[in-house]
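Engineer: Next come the chains, spelled out residue by residue.
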Amino acid sequence: MKRLVSLALLAMALPAAPALAQSTATGNVAIDGRVAPVCILGDPNPALVNLGQLSASSGPRTGKIATITPQTVQLPASFCNFAGSVVRVTATALTSSDTSVPQPGFSRAVNYTATATNWAAGASTATTNALRDGTSPTASGLGSTQPLPKIADIALTLSNFTAPGDLILVAGTYNGTVVVTLGPAAVAD
Amino acid sequence: MMKRLTLPLAALALTLPGVALAQATDTSTKTVGIVGTVPQMCFAGTLTGSGSFDLGILIDTTTGQLRNDLSAPAQMLVGSFCSSRSTITVSATPLVAQDFTAAAPNGFSRSVDYTATASGWTTTPASFTTSAASNPAAIQTRPTAFTGDIAVAISGFATTGGSSLRLVADEDYRGLVTVTIAAVN
Amino acid sequence: MRSLTLFTVATLAFAGQALAQTPPTSATTDLPVTGRVPQTCALQPGKIQPGGLNNIAGLDGDTLRIIQFTDPATLAVRAASASINFEAVCNFPHAVRIESQNNGLWPVDERITDRPAGFAFAVPYSADISWGQLSGHFETNAKVGALSQQLYFVDNAVAGNFNLRIAIDEGASNVETRAPLVAGTYVDTVRIFLEPR
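Residue numbers (this note's numbering), protein chains in the order written: chain Z, 1 to 189; chain B, 1 to 185; chain G, 1 to 197.
Dumping the calculated SDA-like pairs for lysine to any residue here, alpha-carbon to alpha-carbon at most 20 Å:
| id | chain 1 | residue 1 | chain 2 | residue 2 |
| --- | --- | --- | --- | --- |
| 1 | G | K143 | G | P107 |
| 2 | Z | K64 | B | P39 |
| 3 | B | K30 | Z | T113 |
| 4 | G | K47 | G | S130 |
| 5 | G | K143 | G | P116 |
| 6 | Z | K64 | B | G45 |
| 7 | Z | K150 | Z | V35 |
| 8 | B | K30 | Z | D43 |
| 9 | Z | K64 | G | T25 |
| 10 | B | K30 | Z | N118 |
| 11 | B | K30 | Z | Q74 |
| 12 | B | K30 | Z | T177 |
| 13 | G | K47 | G | R65 |
| 14 | Z | K64 | B | V35 |
Examples of chain B residues lying across from chain Z (beta carbon under 8 Å, computed):
| id | residue |
| --- | --- |
| 15 | T25 |
| 16 | V32 |
| 17 | G36 |
| 18 | P39 |
| 19 | M41 |
FYI, nobody ran anything at the bench for these hints, they're computed from the structure. Where a beta carbon is used, it is the ideal one built from N, C-alpha and C, also for glycine.
The following block holds chain Z by itself, in its conformation from the complex (with noise of 0.2 Å):
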């Protein structure tokens, strides 16, 4: 009767373990990661784009706007990780320093075109239409909506500068700027 024994010995070794008398228990482990939607343009190079001298020393158009190359800044490395992004342009007249209203004859705005290229398939442009005396200096525009995700070397192009009226241009420092704006295409203007 050595099974019988044998039978007692196990019954009593068991209470210590769980009850797996019951059939399989399944235990569920959700995993939830999130990227979200992110642009970043990259840093403008150069910065500060310096146009020199921006009136004729000589000449016929003696005092007048200067035939002056167009001048490309880079964004490099810029990207969007999701699709349906957009560049936006926003570009501001060059005015002078000098705010007080020109003398007939002379402008203090000098208008350009700021175009950003190599982002999608239709370019982003806006071209400022400042009056001489530099009021309504800043025009917008969209390009086409990027429909990947992308990392592309952004090149933003000034070019076509001009005065109003093609006037004598006031002395003094001209400044002006261009914003450039990476996001989402459904972003309302």
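Based on the hints, put chains B and G in the right spot on chain Z.
Structural biologist: For chains B and G alone, coordinates are given in the frame of chain Z:
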């Protein structure tokens, strides 16, 4: 009895360069500055007319004295400009005999004085009289940038030394009027 | 052994950049003023000088009228003189020419052809001129009735009074002094020229 296994969730870090994690949003904005300069400059304009004041015969041939009806058309500088505050200065030298260079004999003169005026640039025209000891009105200031036409004229002719003197014969009496516009701070 | 030397020339190419012209901060325009004074001489009409009159009535237009040409008793010529000023100018070195049409006072009536012995038939006179620093003396001798002149050079421009003094001596005659004069009207014309040399 079911025991749940909970595993700590590690935050997923985006390890792209230059990202301040706390500021990353779906919109990024950068500003590019543009600067340029327009220097002070002046342009004299385009001279219309003959470019000189030709008075012809200076004397009344019955008396040998200076004519009292001398005149020459004004000379125009069209489209002059200064891109900043400026001054206009006019100066003149008397009409002097160029071939008869000796001292004039008694009763004679070899020089004619006159007044030169530059108008259209400033409220008060700049003027210079060749016989005057000083000409404070010869320089006038324009406080703003300006573009316009300058009219230069001569008048007020008088024999140097007195109106009773006659002028020595010389086919070449010559003087010079100079007009300068200059940018000033 | 000959050696061959190879020369190499290095050329440096500079990318040319047009230097910006210094803008002109001032602009100047010169305008000549020209004129001319031609060589000119001018003589105004003469004016008699009252203090120099003797036996002459005055200047009638441009004619000197002698009051009493001859002494009524002797028919000899009476002295007469007059000083005339002409306001004048020559604005260059010039010449003065004094000219007597007849070389003396001669009768105008050409019918008088007689030359009776002992009678004078022409009257000499003298002219003195003063012009600037020039003083000149001109004599007519009434021997031959013909143009007579004298030329003086003036080295500079002169302006002022040209003075002419005409003088007939007492008894002047083209024969003996104090010879009686044949009847008639006696004339001469004196001309003053201011002219280029």
